[in-house]
Amino acid sequence: MTSDLKASAAALPIAVRTRSLLADKRTRPLVLLGLVLVVFSVVRVATGANELTSAGTLEAALALSIPLGLAGLGGLWAERAGVVNIGLEGMMIMGTWGAGWAGSTYGPWQGLAAGVAFGAIGGLMHAVATVTFGVDHIVSGVAINLLGLGITQFLAVQVLHNPTQSGEIPSMGTFTVPLLPGWFASIGAHHWFAVSDLANVLFAIVDKPAYFTVMAVALLPISYFVLWRTAFGLRLRACGEAPYAAETLGVNVYKYKYLAVIASGALAGFGGAFLAIWSGFYHDGQTQGYGFIGLAAMIFGNWRPAGLAVGAGLFGYTNGLQLRSPPAVHALLLVLVIALAAYSAWLLYRRRWTSGGISAVCTLLVLWWFLKTHELEQHIVSATPYVTTLLVLALASQRLRPPAADGIPYRRGQGK
Amino acid sequence: MKSLSTFSVRRVGLALAAPVLALAFAVVVTSAILIGTGHAPLDAFGWMWAYGTAPDSIVLTINLAVGYYLAAVAVAIGFRMNLFNIGVDGQYRLAALVAAGVAGAIHLAPILSVAITVVVAMGVGALWAAIAGYLKVKRGVSEVISTIMLNYIANAVIGYLLVPGKLAVNVTGSEGVGTKVIPASGQVPGLAIIGGAQTKVYGLVVLAILVGGGYWFLLSRTRFGFDLRATGRSETAAVASGVNVKRMVIISLLLSGGIAGLIGIPNLLGESYSYSQNFPAGIGFTGISVALLGRNHPLGIAFGALLWAFLDNARQILDLHQVSKEVVTIMQATAVLSVVVAYELVRRYSISRQQRDVAQTLEAREVTV
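Order-wise, the sequence lines are chains A and B. By the numbering used here, the letter at position 214 of the first sequence is numbered 214, and the numbering carries on one by one without gaps. By the numbering used here, the letter at position 195 of the second sequence is numbered 195, and the numbering carries on one by one without gaps.
No wet-lab data here; the hints were simulated from the structure. Accuracy of the hints is not assured; some may be wrong.
To be verified - SDA-like mimics (lysine to any residue), calculated; alpha carbons at most 25 Å apart, straight line:
(1) B/Lys138 x A/Leu371
(2) B/Lys166 x A/Glu377
(3) B/Lys246 x A/His379
(4) A/Lys372 x B/Val118
(5) B/Lys166 x A/His379
(6) B/Lys246 x A/Ser355
(7) B/Lys246 x B/Gly140
(8) B/Lys166 x A/His330
(9) B/Lys138 x A/Trp353
(10) B/Lys180 x A/Lys372
(11) B/Lys166 x A/Phe370
(12) B/Lys138 x A/Val366
(13) B/Lys200 x B/Val118
(14) B/Lys166 x A/Leu371
(15) B/Lys246 x A/Phe370
All of these numbers come straight from a predicted model, not from anything done at the bench.
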């Protein structure tokens, strides 16, 4: 079967094949997004769980995705330059504290700046350890996480005189998009199939966005542009793929790695600052492991900005849903049934009888679970985002390709 | 002959140089912070030493260190193979919960009961780690990510099981819930080995010593240990010599998870006798730091665990003297970071030193020829 396909594909002229692949690549995400929308609409109509795509759920999803996306972007910058950054969590913690302290003392913009700066300091420490001293990247990251926690707890006692939280950070303000939110809201209220769901998605995006939300979202295309469309980005990625080759071309690998890791810390710090300013104050344990999950989102996204945005969105959505409307999580089971059924059908079509059979049995089991219960136990609901991330990674990991020299210590002039 | 002995003296010196340098650096950083915030470092260290070396504090330190040691060994087994098991935390808490449930329900002869509890704990820890192993080997999911997710999922599973009617009962005299109290036959009596102390050392300190000995034997005296270290040093070389890396990944994660399952047991059978929301959490993460500090070596880890437990304990006194005890967390983190930097510097130094030695020896030989 596959060999037939390969043979016929090889027979095609190369130009045609390339073009069709390109077309495929460009349209594929849109087709997939459309499919997801239809599946969710079907499930929403079938179960009556309107919260599945309600504006409230989606707004929560967006707000919860952003800190993850920023942490993921931080991971992207560092790992594209070949430095694994598991210290994102610590840098985020420093960002939350910086924003809490400067935000409650001077104002939200100063808070954001301080959060970014604190994160960047964390990045600098990671860069000194991994780039200058060639320490194992994961080891250094673990130490940075510990250090970030220790420093912020210490500073909280010394500066804020309160070990657990800061004073209030004033709101940064939002701006109003004309007309659109009203239109989308009225369409969303009709609960029309697919149309209302799409309108709710758009409403969540344009409804009084905060300035720093827009900035955070904008960092995604900016990162893409800088890393993939500029000479600077090409050199930076070269340091992550083949540092010794980059060295022979006159690239100062140390410099690029330093810049990338500091940027990584700054982005994680932004994510932390977002959390603090969004909640209106800093508190101990505010990051809840978002740095780690952001890293997972980036791996899920195959070390690409768009992919990590999808990963962050997926986690943010399931997290938002379980926080806003736990009963609707039950309806997610039906989404899982549809996804599993499609996967089994594909496996059986490819004549992989064993895996297809196992997958089909799983489909039936989940379907039985869905039909047998009316709501899920609260603790199972709270695990939804993590289980989803794990499941999706289990299905997608084999196609992933990290930068070739990711995590390998580099020393100038030591290439073989 | 003479050159050989001086060489080994130098090797020992080099091995000790790194941790000593790192600890000195951590002390310097902490002192600078203390001075910066208007405290005298010598006073603070003096208070900590006096408080930490009181007999009851020593017992507390040893008891804390038992958990840290087991956690660090669990992490170190993975580290030796370039596997990073961040999931030790979830593994041990889930294992302690299930083991507590089982131990609370059985009434058997004392030794049998304890043995069953230990086996159950190891089994649960190993199973939870096996999920990460399966995902890594079969689905290519990095164990770093999967074990982090599994920690959160373990929280949910514990929450799900720790309700009355499943594994928990209402605890009389408090609002919380916990597993049924383990009967006397399932408990392990403490050892009064520290003179002058009111409290006793956990009886299962023996377990930690056995695990440490087993870890040393496995790594340095068995074929499996050799393969494990070889895979960690160079996977391609290991594959070339016939090591089945996937199998090694599964086995070492099972071992790591099994040891992780033991972390909560000395406390469970020696002090708390029940798993409740108050059961110590976060030891798995401490284990990572301790393993780094002890350089994955059974004795190094023991030293690291005792030091870490001592600092955790002794810092409590600082609050009484209006010094914020969080400064000790900074000290611990600095020690971990600087110890790895110091090892790297010492490694580079010893490599260049060896190269120089070889060059000198060769030169000397040429001259004599």
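Right, here's what the structure says about each hint:
{"no.": "1", "hint": "B/Lys138 x A/Leu371", "verdict": "violated (31 Å)"}
{"no.": "2", "hint": "B/Lys166 x A/Glu377", "verdict": "holds (13 Å)"}
{"no.": "3", "hint": "B/Lys246 x A/His379", "verdict": "violated (33 Å)"}
{"no.": "4", "hint": "A/Lys372 x B/Val118", "verdict": "violated (37 Å)"}
{"no.": "5", "hint": "B/Lys166 x A/His379", "verdict": "holds (14 Å)"}
{"no.": "6", "hint": "B/Lys246 x A/Ser355", "verdict": "holds (20 Å)"}
{"no.": "7", "hint": "B/Lys246 x B/Gly140", "verdict": "holds (11 Å)"}
{"no.": "8", "hint": "B/Lys166 x A/His330", "verdict": "holds (22 Å)"}
{"no.": "9", "hint": "B/Lys138 x A/Trp353", "verdict": "holds (17 Å)"}
{"no.": "10", "hint": "B/Lys180 x A/Lys372", "verdict": "violated (31 Å)"}
{"no.": "11", "hint": "B/Lys166 x A/Phe370", "verdict": "holds (22 Å)"}
{"no.": "12", "hint": "B/Lys138 x A/Val366", "verdict": "holds (22 Å)"}
{"no.": "13", "hint": "B/Lys200 x B/Val118", "verdict": "holds (21 Å)"}
{"no.": "14", "hint": "B/Lys166 x A/Leu371", "verdict": "holds (23 Å)"}
{"no.": "15", "hint": "B/Lys246 x A/Phe370", "verdict": "violated (36 Å)"}
Checked against the numbered hints given earlier, the structure breaks hints 1, 3, 4, 10 and 15 and satisfies all the rest.
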